[in-house]
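Undergrad: Chains as they are written, first to last, in the working numbering: chain A, 1 to 126; chain B, 1 to 131.
A couple of the hints might just be wrong.
Claimed, not checked - Calculated lysine to aspartate or glutamate pairs in the DMTMM-like style (CA-CA distance at most 25 Å, straight line):
id, chain 1, residue 1, chain 2, residue 2
1, B, K98, A, E22
2, A, K17, B, D95
3, A, K121, A, E22
4, A, K121, B, D95
5, B, K98, A, D53
What the hints assert, rightly or not - Anything over 12 Å on all C-beta distances counts as not near chain A; from chain B, calculated:
id, residue
6, W47
7, F48
8, A50
Hints in this document: simulated from the structure, not taken from any laboratory. We put the CB at the ideal spot given by N, CA and C, even for glycine.
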Amino acid sequence: MRYQTDRQRVEGLGSAKDGTHEWWQQRLTAVALVPLAILFVVPLARAIGADYDEVLAIYQSPFNAIIAVLFYLTIMAHLRQGLQEVIVDYVHGKATLTTALLANTLFTTLIGVIGVFSIAKIAFGG
Amino acid sequence: MADVNRGNRPLSPHLSVYRWMYPMLLSITHRITGVGMAISITLITWWFLALAINERYFEVANAVLGSVFGGLILIISLWGLSFHFCNGIRHLFWDAGKGFELETAWRSGLAVIAGSIILTIIGILVAQGVF
């Protein structure tokens, strides 16, 4: 069976070769998020709606702060990759697709940086 | 000219040829909950930012998330996370080549639905200070 299209034959392009990298990355972050999600959500569920001083105390605990930072770094890598998969499936046209992928990277980076910065500032008592 | 010869490649039949089964619903729900949680984490991040800025701003964000409407969004987010969490573990088993038998896949699907509801209830109890 001939798998190659005319275009592939003319351009001399073979497989992308590194196609499994993103798939693997998404599984690694998924596994890491199993414990991280639980450890992040439990103090968060207690904190939302609580008093200002109480919430500060929760996130000034080194354990909660470190978990929260780890959670943010991991979830943003996982979210960027996941959203990218959805975008690639549903968004068509080179310009629109590129714009959507760029917006995705900007969005997830921004939310991640704001999250990590905020938690660091709270933890360091600023 | 465009890429006329698409090659003699096997093509996957279109989705609509399949009889509708609930595992398909679980599959698309995994995506929907994943995308939906982008909104949830944005809201939570806004709350963290408010906490980092000052007490007055925090009181605003805390009141929004603590309101009936905010609570509803948080409970939906909690269910979305619980579902994505359980179904994600189901996917990890599949990635390891386990649980592909039709009966197992149907049963694990039911376990995901049950698990997502149980985790949501546990989450609500934690938020209420029961645990």
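Undergrad: All the hints need checking, so say for each whether the structure fits it.
TA: Tested hints:
The suggested pairing of K98 of chain B with E22 of chain A holds, with an alpha-carbon distance near 21 Å, which does not exceed 25 Å. In summary, the hint linking K17 of chain A to D95 of chain B is supported, as the alpha carbons are separated by about 20 Å, within the 25 Å threshold. Using a Cα cut-off of 25 Å, the hinted pair K121 of chain A and E22 of chain A is violated, with the two alpha carbons roughly 32 Å apart. Note on K121 of chain A and D95 of chain B: the hinted pairing is violated, with a Cα-Cα distance of about 39 Å set against a maximum of 25 Å.
At most 25 Å may separate the alpha-carbon atoms for a hinted pair to count; K98 of chain B and D53 of chain A exceed this at roughly 48 Å. Against chain A, the non-interface label of W47 of chain B is violated: not every CB pair exceeds 12 Å, the least being about 7 Å. The non-interface label for F48 of chain B is inconsistent with chain A: the shortest C-beta to C-beta separation is roughly 4 Å, within 12 Å. Non-interface call for A50 of chain B relative to chain A: violated, since the shortest CB-CB distance, roughly 8 Å, does not exceed 12 Å.
Against the hints set out earlier in the document, violations occur for numbers 3, 4, 5, 6, 7 and 8.
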